[in-house]
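Student: Next come the chains, spelled out residue by residue.
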Amino acid sequence: MLGIGVQSNNIILDSCPIEGFKMLKQAGFHCCDFSLNSYLPNSRLYDLELNDFFAQSVEELEKFFAPHKKAAKDTGICINQMHMPYPNYVPNAPKEFNDCLLENVAVKSLKICAFFECPYIVVHAFKLARHLGSEEAEWKKTEEFLDALAPMAKEMGITICVENIYTNMGNRILEGPCCDARKAIDRIDRMNEKYGAEVLGFCFDTGHANLVGIDFEDFIVTLGNRLKVLHIHDNDGIGDLHQIPFTFTRNRENMSSTDWGGFIRGLRRIKFNKVLSFETAPVLMAFPKNMRQDVLMFLAKIGEFWLDELCSSGLKS
Amino acid sequence: MMLDLSMFYTEYMLENYGNKVSWEDVRECGEQLDRFIAQCVESGIIFEIIRMPHLKWDTKRTDLNELILKIGNNALRHCSKLGCKALIVQPLFSGIGKQNEWIENCNYFWEWGRVAQEYNICILLENQCGNINGHLVRGVCADVNVVTDWIDMLNSRGENEVFGFCLDTGAANLCGQDMGEMAVALGDRLKAVLIRECDGVHEARRMPFTGMDIQGKNIDWASLIRGLRKIDFNAHLIFDVQDTLMGFSPLLREKMYTVAKSVADFFSWQVTLEQNIKKSVSRVLFGAGKMCWNYMRCYGGQYPPMFISDNNEKLWGTQCHGVEVKPPYSLKALPKDCVVIICNTFYQEIAEQLKEMGITNITAFNDEYLPYLTE
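So the protein sequences, as listed, match chains A and B.
Just so you know, we're using numbering that gives the first Met the number 0 here: the first sequence kicks off at 0 and counts up by one.
Just so you know, we're using numbering that gives the first Met the number 0 here: the second sequence kicks off at 0 and counts up by one.
To be clear, the hints were calculated from the coordinates, so they are not data collected in a lab.
Some hints here could point you the wrong way.
To be verified - To give an idea of the interface, some chain A residues facing chain B are shown, with a C-beta separation under 8 Å as derived from the structure: (1) Arg129; (2) Ile213; (3) Gly236; (4) Thr248; (5) Asp258.
Unchecked claim - Pairs of lysine-lysine, BS3-like flavour, derived with a Cα cap of 30 Å: (6) A:Lys94 to A:Lys24; (7) A:Lys139 to B:Lys216; (8) A:Lys140 to B:Lys229; (9) B:Lys216 to A:Lys140; (10) A:Lys94 to B:Lys277; (11) B:Lys277 to B:Lys260; (12) A:Lys68 to A:Lys182; (13) A:Lys140 to B:Lys331; (14) B:Lys331 to B:Lys278.
Quantities reported herein were computed from a predicted structural model and do not represent experimental measurements.
C-beta atoms are modelled at their ideal positions from N, C-alpha and C, and glycine is treated no differently.
Construct the entire structure; sequences and hints are all you get.
Tutor: See below:
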């Protein structure tokens, strides 16, 4: 079904999840991208710091998230996708550290995903091209990681979605893993054939694509029905800002410098019928707290506008 | 050297052709070019590549194909005189919808190819940026998966392989593309690399290594060099450093030419580093330090040395990655086809030492851009 969603980070608070879900409902959202990654921040992982959140047993974690699940249900918000903590592998970290990221964090993330009855979980492929010398070698390592999770994902009916991400050279942004749609579809098809189930899909991140000048329409059309999940956000083409679509302009005509037209054309062409999900948590921090509801409503309005665009091409929710 | 026809047929001229610029103006530029080429021929200057004038990436002009072809025909006449082997041609992009890109370019390039065959030169397509309201993104020929198909299809239509590719590092960098992976995908279709530095956001034609930011990073040259090594690249490296040169006072500019030449030599050396290792029948490493260790780690399995030599007598008799370290006098007994690979940054000093010993088959290794960091 077509729907509108937004990530839970900065909205759904552990202290009172129902409040956040009510805000989403009131704003006009149907779905929520649950930010599981916010429980194990990536900056800490790169410093080889693992907090003890995922050291809890699955039962403890389920107990912890039970109010969130109930709140979502009570408000009629569907948790359609979630984001696994990342990175899932830190180069040069001790073996035990990376083993823990797989065996503890990734495996428990899948179990939490199943607990929420969420069909899609987004993962970041490993950023190892510079270390290993090629993108092929980098993917091989990611595939080993995915292979470790795939049987479990199949059993739980979850599709793991790899996302187009970037890498940095100082302040410069460079394409990172999963930025080649042709390679991605080959790999997804191969893996799904191997497991006889849709264990692997794709999450198209508009902001990351914009940073490395990817042609949205081409990329989406190439992915076709392998595209399961979206991370919609905007930036200036320079930094990963996770801002509201249509925010950025680069010339005096003040037209959007992000190819939103290509984005919708691409979705139309593949008859995308899933959730238009915004990954815009920083927006909520940028605006005053009292304006958060208004900001959410504005985001939902953009989602509705696009839903209309998609529906007018013959897709009905 | 590459002759850039934008020197004669400027962006301004193309953008204003038919308005402020007349056909007479264009013809006058052609005459200037003819005179310039005559002077070059007289002075024995060779241009191995000519680059056709470029339309701006945000141009609104869609009516200039015929003009560009006319300019190209004039350029092609000069190719044999200049010793030119290739012509870089900007693909069509302005006013062309995505779905028509191939068909329009196919017809356009086939026209080029037909003429190029007569003159026995190669036509090189080039990666472009698109422009979304001021944001430079991947344009025509930026996707190497697509461009390899294009080149193969164009080449399959003729008797000779007339078409190849020129990778513009500036355009690739503006779109955050991994140039090493691009080079690998292109393989031997890659006939030239236009090397220029920019900040990744704005267009520029700076000298490599001059775009360092506060975090100590510039373009990912390591990836490009790795990629070019993987495909045994031995074609043209073209350096476009005009913005760096123009930034300096004319009084200082001459000194910059020396720096630019050193940078070009450095690239050429780095790109051919593995080819130099491969082509030797047997080899000995000189220097048993970290660079030697890196050689052994990355190349020791495939291209093992007979032994390692070092001036430090404390190392004699020890082993590095299972290979014995011997004193320099051991080198005197080397067969002639054995190359001594210097694994130490004191290249000149060591090369002189070796030459004094009568050894001339020498090459230099460097571990700045290794094929991988970890296994």
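Student: If a hint holds in the structure, say so; if it does not, say that too.
Tutor: The hints, checked one at a time:
| no. | hint | result |
| --- | --- | --- |
| 1 | Arg129 | holds (7 Å) |
| 2 | Ile213 | holds (6 Å) |
| 3 | Gly236 | holds (5 Å) |
| 4 | Thr248 | holds (7 Å) |
| 5 | Asp258 | holds (5 Å) |
| 6 | A:Lys94 to A:Lys24 | violated (44 Å) |
| 7 | A:Lys139 to B:Lys216 | holds (27 Å) |
| 8 | A:Lys140 to B:Lys229 | holds (21 Å) |
| 9 | B:Lys216 to A:Lys140 | holds (26 Å) |
| 10 | A:Lys94 to B:Lys277 | violated (35 Å) |
| 11 | B:Lys277 to B:Lys260 | holds (26 Å) |
| 12 | A:Lys68 to A:Lys182 | violated (36 Å) |
| 13 | A:Lys140 to B:Lys331 | violated (46 Å) |
| 14 | B:Lys331 to B:Lys278 | holds (21 Å) |
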